[in-house]
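Residue numbering for the sequence shown follows the working numbering, starting at 112 and increasing by one per position.
Check before you lean on any hint, since a few could be wrong.
The calculated label-pair distances, taken between Cβ atoms and stated as ranges, are [what the hints assert, rightly or not]:
#, residue 1, residue 2, range
1, I115, R184, 33 to 43 Å
2, I129, G157, 42 to 52 Å
3, V121, G158, 35 to 45 Å
4, I113, T140, 39 to 49 Å
5, L133, L163, 44 to 54 Å
6, L130, I174, 38 to 48 Å
7, I113, R185, 56 to 66 Å
8, S160, A117, 52 to 62 Å
9, M112, W169, 52 to 62 Å
Think of the hints as simulated: they come from the structure by calculation, not from any bench. All values reported here derive from a predicted model rather than from experimental measurement. Virtual Cβ for every residue (Gly too), placed ideally from N, Cα, C.
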Amino acid sequence: MIAIVATALVGILAILAILAVLAVGIAITVFWIWMLVDAIRNDRIGGWSRVLWTVLIWFTHIIGAVIYFFFGRRTSIRTA
Numbered sequence: 112m113i114a115i116v117a118t119a120l121v122g123i124l125a126i127l128a129i130l131a132v133l134a135v136g137i138a139i140t141v142f143w144i145w146m147l148v149d150a151i152r153n154d155r156i157g158g159w160s161r162v163l164w165t166v167l168i169w170f171t172h173i174i175g176a177v178i179y180f181f182f183g184r185r186t187s188i189r190t191a
C-alpha cells in the first residue's frame, strides 16, 4: 500500500516538475519576444543602435534580452 502511494506521489511530483519547467520556458520565450519587438519599435534608439540591439537580442537570445532590458531600453537618441 505504501509503495503504491509513493509511486503515485513520485508521478505527481514529476508532472509538476515538467509543468514548472514548461512554464519557465514559456515565460522566457515571451520575455525574449517582448524585448525583440521593443528593440525594433523603440523610438528612443535609432539608426544602427536599433539594428545592433536587434541583432544582439536575436543571436544571444535570453542573455541579449536581459542586457537590453537593463541597458538598452533607457537609451535615448543623442543629438549633436
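Now for the hints, and whether the structure bears them out:
Look at I115 against R184: about 53 Å separates their beta carbons, and that is not inside 33 to 43 Å. Take I129 and G157: their Cβ atoms lie about 44 Å apart, and the range 42 to 52 Å holds. For V121 and G158, the hinted distance range of 35 to 45 Å is not satisfied, since their beta carbons lie about 56 Å from each other. A beta carbon spacing of about 41 Å between I113 and T140 agrees with the range 39 to 49 Å that was offered as a hint.
Taking 44 to 54 Å as the suggested C-beta distance range, the pair L133 and L163 does not conform, at roughly 32 Å. Remark: the range hint 38 to 48 Å for L130 to I174 is contradicted by a beta-carbon distance near 25 Å. Distance hint check for I113 and R185: the Cβ-Cβ separation is about 57 Å, which falls inside the suggested range of 56 to 66 Å. Look at S160 against A117: about 57 Å separates their beta carbons, and that is inside 52 to 62 Å.
In this structure, M112 and W169 meet the distance hint of 52 to 62 Å, their C-beta atoms being roughly 55 Å apart.
The structure fails to meet hints 1, 3, 5 and 6 from the earlier list, while all remaining hints are met.
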